[in-house]
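Participant: Please arrange chain B on chain X, whose structure you already have, making use of the hints.
Protein sequences appear in the order of chains X and B. Everything in the first sequence is counted per the working numbering, starting at 4 for the first residue and increasing by one. Everything in the second sequence is counted per the working numbering, starting at 1438 for the first residue and increasing by one.
Since the hints were derived computationally from the structure, they do not count as laboratory data. Watch out, some of these pointers could steer you wrong.
[As the list claims (entries may be wrong)] Calculated lysine-lysine pairs in the DSS-like style (CA-CA distance at most 27 Å, straight line):
1) B:LYS1511 <-> X:LYS45
2) B:LYS1509 <-> X:LYS121
3) X:LYS121 <-> B:LYS1539
[Stated by the list, open to error] If you want the ones that stay clear, here's a sample from chain X, every Cβ over 12 Å from chain B, calculated:
4) THR51
5) VAL53
6) MET54
7) ARG61
8) PHE63
9) TRP75
10) LYS81
11) SER82
12) PRO102
13) ASP108
14) ASN117
Using N, Cα and C, we set each Cβ at its ideal position, and we do this for glycine too.
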Amino acid sequence: MEFNVNKETKTVTITKEFDADRDLVWDAYTKPDLLDQWWAPKPFSSRTKVMEFREGGRRFYAMVSPEGQERWVLQEYKSITPKTNFKLFNAFADENENPQLPGSDWDFNFIGQNGTTKVHISIYNESLERLERMIEFGFREGTIAQLENLEELLASLSK
Amino acid sequence: MKRDVFQAIADPTRRGIIALIALQAMTPNAIAEHFDTTRQAVSKHLRILAECEVVRQEQRGREVYYSLVIEKMKEIDEWLEQYRKIWETRFEQLEEVLAVMKKQEKR
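Chain X on its own, in the form it takes in the complex:
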């Protein structure tokens, strides 16, 4: 998996190749029953309440913690090119589908090649929300070199 943060474009990009046909991968991203099987990182689970996969449609789902706590997310599908690309607007929401803005723009690309599929995701963040802020300002690009310095420093300090 490639994972990068670009400070200038305020974008996180993630690329991953899967050993499966593009049709299968596309389904796994666009059908709620399949999406719910993998979207939430363990020990969380994903529970889709509404999903209309069409332009202008939406997915309203909850990330559910092991204790049963729900974190709702509202996604609106902005454009869809079947088996190739779809774009959505992503925002946290309350349980009544009221989004908490600002959100982020997600762009999913699917490239099939000899039975494997490369998925390329870019996430554009306008948000100043705490957790996204760091990505927005591109920690990885802007400060990775100094972080490596810090790691060396830390290693020497912990000796």
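Facilitator: For chain B alone, coordinates are given in the frame of chain X:
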């Protein structure tokens, strides 16, 4: 509003200051020499960095030296790592789902 480590790095000048003082403690004047801004602007950034608790100040004679609180910066690293891990876990799960789908397709 309580400041946190993410605000510390939310500005290019502050990131520059962090990089500088990661290597050695410095006075505000010495820091300001490295930037194309006024001494006042640098002071303001140093104040924000202090409020974010990523720098510590030490009086040496008449001068105040600023140095980096490395443990604080580590929080950012840990957060980024968590975000990356979320995607890794997600994709591992997707690989499992795809494997099951492939089997079902063959039937």
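Participant: Now, for every hint given, state plainly whether the structure supports it.
Facilitator: Now the hints, each set against the structure:
Distance hint between LYS1511 (chain B) and LYS45 (chain X) is fulfilled; the C-alpha atoms sit about 24 Å from each other, no more than 27 Å. This hinted pair does not check out: LYS1509 (chain B) and LYS121 (chain X) have alpha carbons roughly 37 Å apart, beyond 27 Å. At most 27 Å may separate the alpha-carbon atoms for a hinted pair to count; LYS121 (chain X) and LYS1539 (chain B) meet this at roughly 17 Å. Listed as outside the interface, THR51 (chain X) is consistent with that label: its C-beta sits roughly 14 Å from the nearest C-beta of chain B, beyond the 12 Å cut-off.
No beta-carbon of chain B comes within 12 Å of the beta-carbon of VAL53 (chain X); the shortest separation is about 21 Å. Chain B leaves MET54 (chain X) outside its interface by the beta-carbon criterion, the shortest separation being 16 Å against a cut-off of 12 Å. Even its closest Cβ contact with chain B, about 21 Å, leaves ARG61 (chain X) beyond 12 Å, as expected for a residue assigned away from the interface. At roughly 19 Å from the closest C-beta of chain B, the C-beta of PHE63 (chain X) stays outside 12 Å, upholding its exclusion from the interface.
TRP75 (chain X), annotated as away from the interface, keeps every beta carbon of chain B farther than 12 Å; the closest lies near 17 Å. Remark: the non-interface label on LYS81 (chain X) is consistent with the geometry, its nearest Cβ contact in chain B lying 22 Å away (cut-off 12 Å). No Cβ of chain B comes within 12 Å of the Cβ of SER82 (chain X); the nearest lies about 22 Å off, and the non-interface call holds. Even its closest Cβ contact with chain B, about 21 Å, leaves PRO102 (chain X) beyond 12 Å, as expected for a residue assigned away from the interface.
With a cut of 12 Å on Cβ distances, ASP108 (chain X) stays outside the contact zone with chain B, its closest approach being about 17 Å. Here ASN117 (chain X) stays apart from chain B, with its beta-carbon at least about 15 Å from theirs, past the 12 Å limit.
Violated hint: 2 only; the structure is consistent with all others.
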